[in-house]
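S.K.: Sequence:
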Amino acid sequence: MSDAPESSDDTTTMRGPIAWMADNSVAANLLMAVLLIGGLLMVSRVKQEVFPEVQLDIVTVQIPYPGASPEEVEQGVVLAAEEAVREVEGVDEITSISSEGVGSVQAELLSSANPQQSLNDIKSAVDRVTSFPEDAEDPEISLVDNRQKVLSVIIHGEVERQTLKQLGERARRDLLANDNISVIDVTGLPPPEISIEIPQENLRRYGLTLPQVAQTVREASIELPGGSVETRGGEILVRTTERRKTGSEFRNLAVRAQPDGTRVTLEDVAEIKDTFKDTNRASLYNGEPAVQIEVFRVGSQTPLEVSEVVNNYVDDQRANSPDTISYAIWNDSSEAYEDRIGLLLENSYIGLMFVLVILGLFLQIRLAFWVTLGIAISFTGAILFMPWLGVSLNMISLFAFLLTLGIVVDDAIVVGEAVYNARSESGGDLASAIEGTYEVAMPVVFAVLTTVTAFAPMLFVPGVTGEFFSNIPLIVIPILMLSLVEVLFILPAHLAHSNPPRETGVLGTINRAQKAFSDFVERFVRRVYQPFVRTTLRYRYLTLAISFSLLLFAIGLVGGGFISFTFLPTIEGDRVTASVKMPFGTDVRETREVTDQLVQSAQDALEKSGGRDALSEGILADVGQSGGFNQGPGPGGAESGSHLTSVAVSLVSPEEREISTAAFSRRWREELGDVPGADTIDFSYGVGPSSGDPVSIELRHENIDILQKASTDLAESIRSYAGVIDV
Numbered sequence: 000m001s002d003a004p005e006s007s008d009d010t011t012t013m014r015g016p017i018a019w020m021a022d023n024s025v026a027a028n029l030l031m032a033v034l035l036i037g038g039l040l041m042v043s044r045v046k047q048e049v050f051p052e053v054q055l056d057i058v059t060v061q062i063p064y065p066g067a068s069p070e071e072v073e074q075g076v077v078l079a080a081e082e083a084v085r086e087v088e089g090v091d092e093i094t095s096i097s098s099e100g101v102g103s104v105q106a107e108l109l110s111s112a113n114p115q116q117s118l119n120d121i122k123s124a125v126d127r128v129t130s131f132p133e134d135a136e137d138p139e140i141s142l143v144d145n146r147q148k149v150l151s152v153i154i155h156g157e158v159e160r161q162t163l164k165q166l167g168e169r170a171r172r173d174l175l176a177n178d179n180i181s182v183i184d185v186t187g188l189p190p191p192e193i194s195i196e197i198p199q200e201n202l203r204r205y206g207l208t209l210p211q212v213a214q215t216v217r218e219a220s221i222e223l224p225g226g227s228v229e230t231r232g233g234e235i236l237v238r239t240t241e242r243r244k245t246g247s248e249f250r251n252l253a254v255r256a257q258p259d260g261t262r263v264t265l266e267d268v269a270e271i272k273d274t275f276k277d278t279n280r281a282s283l284y285n286g287e288p289a290v291q292i293e294v295f296r297v298g299s300q301t302p303l304e305v306s307e308v309v310n311n312y313v314d315d316q317r318a319n320s321p322d323t324i325s326y327a328i329w330n331d332s333s334e335a336y337e338d339r340i341g342l343l344l345e346n347s348y349i350g351l352m353f354v355l356v357i358l359g360l361f362l363q364i365r366l367a368f369w370v371t372l373g374i375a376i377s378f379t380g381a382i383l384f385m386p387w388l389g390v391s392l393n394m395i396s397l398f399a400f401l402l403t404l405g406i407v408v409d410d411a412i413v414v415g416e417a418v419y420n421a422r423s424e425s426g427g428d429l430a431s432a433i434e435g436t437y438e439v440a441m442p443v444v445f446a447v448l449t450t451v452t453a454f455a456p457m458l459f460v461p462g463v464t465g466e467f468f469s470n471i472p473l474i475v476i477p478i479l480m481l482s483l484v485e486v487l488f489i490l491p492a493h494l495a496h497s498n499p500p501r502e503t504g505v506l507g508t509i510n511r512a513q514k515a516f517s518d519f520v521e522r523f524v525r526r527v528y529q530p531f532v533r534t535t536l537r538y539r540y541l542t543l544a545i546s547f548s549l550l551l552f553a554i555g556l557v558g559g560g561f562i563s564f565t566f567l568p569t570i571e572g573d574r575v576t577a578s579v580k581m582p583f584g585t586d587v588r589e590t591r592e593v594t595d596q597l598v599q600s601a602q603d604a605l606e607k608s609g610g611r612d613a614l615s616e617g618i619l620a621d622v623g624q625s626g627g628f629n630q631g632p633g634p635g636g637a638e639s640g641s642h643l644t645s646v647a648v649s650l651v652s653p654e655e656r657e658i659s660t661a662a663f664s665r666r667w668r669e670e671l672g673d674v675p676g677a678d679t680i681d682f683s684y685g686v687g688p689s690s691g692d693p694v695s696i697e698l699r700h701e702n703i704d705i706l707q708k709a710s711t712d713l714a715e716s717i718r719s720y721a722g723v724i725d726v
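Positions 0 to 726 (numbering that gives the first Met the number 0) are the ones given, in order, by the sequence shown.
Hints are supplied without guarantee of correctness; some may be wrong.
What the hints assert, rightly or not - Restricting the straight-line Cα-Cα distance to at most 25 Å, the calculated cross-link-like pairs of lysine to any residue (SDA-like) are:
| # | residue 1 | residue 2 |
| --- | --- | --- |
| 1 | Lys276 | Val674 |
| 2 | Lys708 | Pro675 |
| 3 | Lys46 | Ala32 |
| 4 | Lys164 | Pro65 |
| 5 | Lys276 | Thr464 |
| 6 | Lys276 | Glu218 |
| 7 | Lys148 | Gly572 |
| 8 | Lys580 | Ile562 |
| 9 | Lys46 | Leu397 |
| 10 | Lys276 | Gly286 |
| 11 | Lys244 | Ile328 |
| 12 | Lys46 | Phe361 |
| 13 | Lys276 | Ser247 |
| 14 | Lys148 | Glu52 |
| 15 | Lys244 | Arg172 |
| 16 | Lys276 | Gln165 |
| 17 | Lys148 | Ile328 |
| 18 | Lys148 | Gln54 |
| 19 | Lys244 | Asp267 |
| 20 | Lys46 | Glu466 |
| 21 | Lys122 | Ala79 |
| 22 | Lys148 | Pro653 |
| 23 | Lys580 | Ile705 |
| 24 | Lys148 | Asp267 |
| 25 | Lys580 | Val674 |
| 26 | Lys46 | Ser546 |
If you are wondering where the hints come from, they were derived from the structure by calculation, not from laboratory data.
With these hints in hand, go ahead and build the complete structure from the sequences.
M.R.: In structure tokens form, the structure reads like this:
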């Protein structure tokens with residue numbers, strides 16, 4: 000090696016891993032290749048999801064109680080279920096909701112509890128309860144899953160609900176045939192039901208009773224194993240497969256045999272229809288009946304792959320469907336995920352170019368190149384370790400990459416500038432690289448460790464919040480540590496074995512321009528900056544007074560309200576949701592009138608804001624439910640009842656409209672005006688951790704009458720404050 004003598008003369012007193020790696024460029028390049036190439040190869044194997052999939056450690060107990068009011072649900076099933084769940088070991092907190100026709104008990108487990116064992120214990124405890132009313136259905140007990148919905152497909156049109164159901168089931172089958180999709184739910188329609196209506200005169204004519212017909216129907220729709228029969232040819236399994244799933248399968252069912260041998264079939268005495276259970280739920284999209292196909296991401300599937308498959312399917316269906324049927328994409332969360340990836344890549348490109356250009360102006364082009372490459376090495380190296388750390392590419396981990404982008408540059412700049420300064424003073428590439436690195440090694444190490452220490456406590460945050468935000472330190476800390484490895488063991492080797500700057504050609508021209516700029520900066524430092532610093536040191540008390548005044552001025556800006564403070568900023572989404580809660584017991588027809596009022600006011604607001612077609616992608620109404628449009632991490636949940644309704648307006652992207660989401664929400668509220676008799680009216684448009692109600696007050700008391708009076712008085716008192724809305 001040509002510079003071996005220099006190494007033996009100048010580095011005899013410099014020993015250790017830094018000097019060894021600087022003198023052995025092959026080892027440094029191998030380490031660089033492992034981090035760079037390994038990370039690039041690992042990208043396709045890292046799990047991708049919109050939000051991290053975490054274990055929520057929450058067990059829910061759903062107990063249907065058809066026809067019961069919330070008070071009856073509470074007294075009949077919820078209180079008894081609460082007492083049973085409270086006795087289970089490992090339960091930390093219990094929250095229950097009594098709604099119309101259903102009671103829900105949610106048990107949050109201790110972090111030390113075994114979720115599956117607690118689930119089994121809660122099942123056993125609830126099954127031992129004997130005081131549930133006879134009309135109450137069997138409890139549904141399960142661990143809350145955190146399935147990530149990627150997007151929904153809405154099929155709508157002025158057609159029968161049975162047609163929408165068939166189209167929804169067909170879309171479900173078609174999408175599940177693709178390898179990139181595994182989980183789909185069809186929602187928006189009531190549960191299917193087979194209606195058998197028998198006139199009283201038919202019962203008398205054939206000497207039948209309703210219990211007799213019901214028993215015949217029940218016995219004719221069973222599917223039971225009947226054991227096995229040993230034969231000479233082997234064992235034969237016996238099974239009764241008479242389950243009937245459609246009304247047409249019941250038509251030829253014999254309900255009575257006449258003395259002359261003829262049979263009376265169910266079709267002879269009854270009207271049989273395939274219909275839906277009579278519920279208060281109804282989904283409307285742009286004023287038309289609709290069914291929703293919710294598509295989820297599971298396993299190694301990526302949001303972008305799932306979204307591409309669904310969008311291609313919808314495009315095909317739009318081209319081949321009649322005019323009476325329409326397809327729409329609703330709430331595609333992969334768009335936010337794709338935007339976050341695009342933002343990361345864009346910031347990376349811009350940041351790398353700035354580092355390359357600015358360092359190239361002040362130092363050298365070759366040195367700037369190796370410093371810039373160190374950023375890429377740190378990032379790809381972190382991707383290499385993501386599967387072992389249990390971290391996926393999601394909205395939070397991508398934010399951590401963005402957060403770290405500006406931090407990892409500092410270490411490389413400090414080392415690169417120190418090496419450049421040593422080379423300018425003493426010459427010699429290898430010796431200067433080792434000397435410059437050793438000079439700043441200790442400060443760089445402690446600077447990185449200090450930042451690591453600042454992020455490390457996020458690893459120990461308990462609960463669901465801790466599982467979500469642990470993605471940040473699990474990305475930031477590996478990147479910082481790898482950047483430290485890169486600047487101490489890889490960068491010195493590259494700087495120690497670089498060729499002398501070229502004097503001819505394009506690089507020669509760039510080097511001469513860089514040297515001219517560098518000389519200009521040095522003259523500026525000597526003639527302007529150094530005299531200014533000497534002046535500030537000479538009048539040090541004046542300097543301190545000015546600095547202290549600026550500090551007080553900054554404190555005054557914050558304390559005086561000129562600069563607002565918020566823990567987490569409110570992020571405007573592209574969807575505005577209005578939820579109305581009427582008094583319990585309100586007829587569903589009145590609730591639908593309120594829904595029509597919400598839809599009409601939304602259309603008026605769109606027209607006054609620039610036009611419905613230019614601003615809105617669609618209006619989705621959900622009668623009989625509130626909170627079903629929520630999207631984001633966590634279990635979520637929706638309340639149902641004939642007195643509830645929600646309407647959501649999906650706006651086009653901010654680049655395609657002039658009005659903000661908040662401004663449109665205010666205009667919609669103004670167009671709606673008052674809703675007579677409504678208990679609450681809520682408009683929401685935020686996304687992320689800061690979304691939801693800014694203030695929430697919870698009252699507790701054993702007596703429901705006292706609780707209602709106290710909540711009413713508190714609400715009236717809060718409404719008296721200026722600026723308070725949606726109480």
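S.K.: Please write out, lowest number first, the hints stated earlier that are contradicted by the structure.
M.R.: 1, 5, 8, 11, 12, 24 and 26
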